[in-house]
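Trainee: Dock chain to chain to rebuild the complex, using the hints, since each chain is given by itself in its own frame.
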Amino acid sequence: MSDAVINVEKTDNPPATIVAPQGNVDMSTSPELRQALRSALDSSPARLIVDLSDVSYMDSSGLATLVEAMRTAKSSPRIPMVLCGLNDTVRAIFEIARLHQFFEIAPSRDDAMQTA
Amino acid sequence: MSDQTSNATTTHRAHDPAHVRVELLSNPIYLSGARELVGAVAKRLGFDDLACSKIALAVDEALCNVIRHGYDRAEDRPIWISLWPLTEDGGKGIRIVIEDEAKQVDPEAMKGRELDDIKPGGLGVHIIKEVMDTVEYEKRETLGMRVTMLKHAPAQPVPEVTRHASQGARA
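Chains as they are written, first to last, in this note's numbering: chain A, 3 to 118; chain B, 2 to 172.
Some chain B residues flagged as far from chain A (calculated, every beta-carbon gap over 12 Å):
(1) Ala19
(2) Arg22
(3) Glu24
(4) Arg45
(5) Ile82
(6) Leu87
(7) Thr88
(8) Pro155
Facing chain A, from chain B, some residues (calculated, C-beta under 10 Å):
(9) Pro29
(10) Tyr31
(11) Leu32
(12) Asp50
(13) Lys55
(14) Glu62
(15) Leu64
(16) Leu124
(17) His127
(18) Val132
Treat the hints as calculated values from the structure; they're not laboratory data. Nothing here was measured: the structure is a model prediction, and the numbers come from that model. Where a beta carbon is used, it is the ideal one built from N, C-alpha and C, also for glycine.
Okay, chain B solo, but in the shape it has when bound (with noise of 0.2 Å):
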């Protein structure tokens, strides 16, 4: 786990254009759409059920964290979310980037609280960093937040007959 983004990977991804993009209103309403959205993506894009569900709860967190500190609950702000296949390195997965409008804090802030202090509240971003395997908030350029995720899909293991198949057509 890590929350540093190659600012190679950032900048170059950050032109091109998102392969599924949505925009929501920040009412807790449509929580539900968007994961089942990011969930049916990752599905395609090589996760398991499982796997699936972990990013649609990352997104989940991201969302709620806007809705509730961002907009302060107000159910009638923008919020995009915009998805990408990962296909560095031949691997698989998934870029995840969420924008808001909503007022700017020092990314150095979006930190999770410690886990040992158990009281309800504040896990979001605990969660968020343990579920993808990249996590980056920084300040969009005119106004807002933009949070950048990344999830490598694991590598699929070569199906035993495809492997002799191919070893056969070598020898």
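For reference, chain A alone in the conformation it holds in the complex (with noise of 0.2 Å):
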């Protein structure tokens, strides 16, 4: 059993989901983040915004959840979706994974808004 928090917010101007894990999303905590992104799409909201702030550590097991969450977003009907607030330590993971490229990353949720 894994601690995991995630907050799902959502916002009507712009129209938009939230969903934001706190701490590590790693092996042991991803699979509620993979959960908290499922609800999040099977609602179809106008946008899906992963505020990644709040995340010190994230490894693989994350990341393949948003490869998946990014591929259902992309899919027919397509849903935009953007990341935003990742730390370094998350960013790198990107990097070295090469995924950074795949992914809408934007610097703030604010800026997430404008993008979405």
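Mentor: And the structure:
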């Protein structure tokens, strides 16, 4: 059992669903993030923002979870999905896996709201 | 980056007692503790914060591979992590060995997938080889697998004040 904390928030202006995990996203916590992202995508939001500002660490389990969500978001009907708030440690794994170009990444949540 | 390890180095070091050695169960809830331990030791061995987090990431990925593929997610099997400082050629660094009692596989089969094929999963071995300078998989003598990983710390620049003092002393 993990102690993952994942906040899910909906905004109206602009319309978006924001999924914001906290702490470590690794093999023990990524199943809960996967469930939160699936639920968010199932509701067909106008846009999906994954705010990683409070994520201190992520491993390939977390990456795989985000790749899966992005592939779902890109399928029809397409849902714009943007990541934001990556710290240096989290950004590093995206770069090592060369996935930083696969995702749309914004510096902050406000920027992501404008981008999505 | 290389996935080859000097046999001489491996053989010599294999007989040195580890400076740090821990045993943990193959339960993912212990990954964070393992990362913190390795990261803290790497910090004391001369790595900066970002390098420490990458080394901890490599260890995390190696442990996940053992749990996921070696033990088929069984949470009660043993894994050992051993750490040594590297002092070869006057440099610094860290040597990390992870051992298990999982099913043995051909070490040649431990290759990361092509990154151009974007899909969930299969990134662990690639990340390990990208982060560490040297990675070697081998079968243990009786059962299980062993992965040996080396990472050299960047050479520390000589502080200006030290260099000047040294030059003054020689003059």
